[in-house]
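A.B. asks: Given next are the chains, with one letter for each unit.
There are 2 protein chains.
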Amino acid sequence: MESNKLDDWKQTAPLAICLVSGGLDSCVCAAIAGQTCRLAFLHVNYGQRTEARELRAFRDIADHLEVTKRLVADISYLKAIGGSALTDHEIAVPRNSVGTRDVPVTYVPFRNSHLLAIAVSWGEVLGARYIFIGATETDNSGYPDCRGSYFSAFNRLIREGTRPATHLEIVTPLLMSTKGEVVRRGADLGAPLHLTWSCYEKDRLACGRCDSCLLRLRGFASAGLNDPIPYEER
Amino acid sequence: MESNKLDDWKQTAPLAICLVSGGLDSCVCAAIAGQTCRLAFLHVNYGQRTEARELRAFRDIADHLEVTKRLVADISYLKAIGGSALTDHEIAVPRNSVGTRDVPVTYVPFRNSHLLAIAVSWGEVLGARYIFIGATETDNSGYPDCRGSYFSAFNRLIREGTRPATHLEIVTPLLMSTKGEVVRRGADLGAPLHLTWSCYEKDRLACGRCDSCLLRLRGFASAGLNDPIPYEER
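Protein sequences appear in the order of chains G and A. Heads up, the numbering used here is the position in the first sequence plus 219, with the first residue counted as 1. Heads up, the numbering used here is the position in the second sequence plus 219, with the first residue counted as 1.
It is possible that part of the hints are untrue.
One copy or two, either will do: identical chains are not told apart, so a pair holds if it fits within one copy or between any two.
Here are the computed lysine to any residue pairs in the SDA-like style, where the Cα-Cα straight-line distance is at most 20 Å [what the hints assert, rightly or not]:
#, residue 1, residue 2
1, K298, N264
2, K298, R382
3, K288, A299
4, K298, G409
Simulated from the structure, these hints should not be mistaken for lab results.
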């Protein structure tokens with residue numbers, strides 16, 4: 220594409236707010252959004268254990284994709300509310316519980332609603348058209364706020380609760396993807412997977428044992444690729 | 220009621236999260252909730268102009284009603300997002316715009332969704348049954364997130380996005396009330412109206428001129444009562 224055509228495209232493309240945690244799914248989701256949209260990146264700190272490491276991953280990914288419109292929001296009240304192993308240090312982060320059918324103890328009550336509400340407020344002010352979120356129903360089964368029916372209900376809420384001129388819509392391109400498919404898609408798009416962080420427990424070398432590391436490692440294995448981030452010796 | 224019966228009642232009554240801004244409507248709404256429920260009070264700072272004064276009103280009302288379960292959450296990112304006269308000091312607070320049909324410039328984009336999401340997360344952890352919010356469609360017409368259809372959509376979102384064992388429901392007892400009816404109901408219930416604060420502009424003496432003051436004053440006039448809070452000389 221010639222440079223003036225690229226500029227034309229950039230000017231007329233719709234704006235997408237991307238929720239970017241710094242993990243694998245959100246990185247690939249942002250790369251998908253970037254194929255058709257101008258990007259604005261939103262990151263939310265909610266007092267989770269690896270908050271600082273995730274924020275670094277967010278910034279690294281935004282730098283890599285040259286996204287300058289960024290918002291980092293702090294909702295540390297979720298830590299005060301507690302009720303999850305991710306925000307309450309008295310609840311242990313589970314290992315090897317992937318595949319059980321209960322709502323996992325890492326479920327942060329109604330968390331995605333906070334992230335999406337921030338995205339909607341910001342998107343309404345910026346005049347954005349889409350909100351991209353890298354939620355997956357397949358591997359995160361058990362999180363009630365990661366299901367398609369939940370996102371449909373949120374889209375209805377947006378229609379009811381914003382200005383008539385606002386036309387914001389949540390898009391979940393990875394909802395039905397397995398982790399292996401997410402890795403494969405990210406690799407195909409040239410997404411900066413080496414800059415992502417998934418571990419729930421550690422922040423220098425990934426632990427390789429928490430549920431999030433296990434899912435990630437299985438995803439790379441299933442895609443037939445090596446995970447480029449460093450892990451603790453096992 | 221004898222004291223042991225009162226204790227029985229307190230133990231078995233459902234728990235209600237009350238959104239208490241410190242204004243008239245939320246005070247009366249909390250008094251209504253207190254007739255049938257145990258209470259937990261939630262206050263949210265969002266970088267609005269009169270944040271400190273509203274927080275004082277929240278504490279005064281909670282003290283008066285002897286509510287010990289309290290959460291004060293800070294969502295100052297709403298100020299960073301801007302887009303409203305309540306959070307952006309470069310947009311003037313309107314005067315005498317009550318009754319116009321557009322979305323008012325005091326509309327904080329999607330604000331109630333943030334407040335309700337916090338209430339749901341807290342309510343899910345506490346095992347609450349209800350969320351009381353003192354929204355009124357009548358006087359706040361024009362705020363898209365104050366309509367019955369919005370709250371219905373949010374109740375559906377709660378059902379989709381929380382644990383199967385959670386049964387939280389938003390209750391809007393004042394939705395169809397005029398400000399005069401709210402004042403009258405509050406007076407009948409003995410709600411501490413003298414501790415509330417409504418002014419969007421000032422924090423020591425209410426200005427009496429902003430839309431919020433005008434609605435409040437009309438409400439007291441229509442109820443045939445004197446507003447017990449102090450106003451600037453006019």
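A.B. asks: Confirm or reject each hint.
C.D. replies: Status of each hint after checking the structure:
Proximity of K298 to N264 under the C-alpha cut-off of 20 Å is found in both arrangements, the shortest distances being 10 Å within a copy and 17 Å between copies. Taking the shortest alpha-carbon separations for K298 and R382, only the inter-copy value of 18 Å comes in at or below 20 Å, while the best intra-copy value is 31 Å. In the homo-oligomer, the alpha carbons of K288 and A299 lie at most 20 Å apart only across protomers (13 Å), although the nearest pairing inside one protomer, at 29 Å, exceeds that limit. For the homomeric pair K298 and G409, neither the shortest alpha-carbon distance inside one copy (35 Å) nor that between copies (35 Å) is at most 20 Å.
In this structure, only the earlier hint numbered 4 is contradicted, and the remaining ones agree with it.
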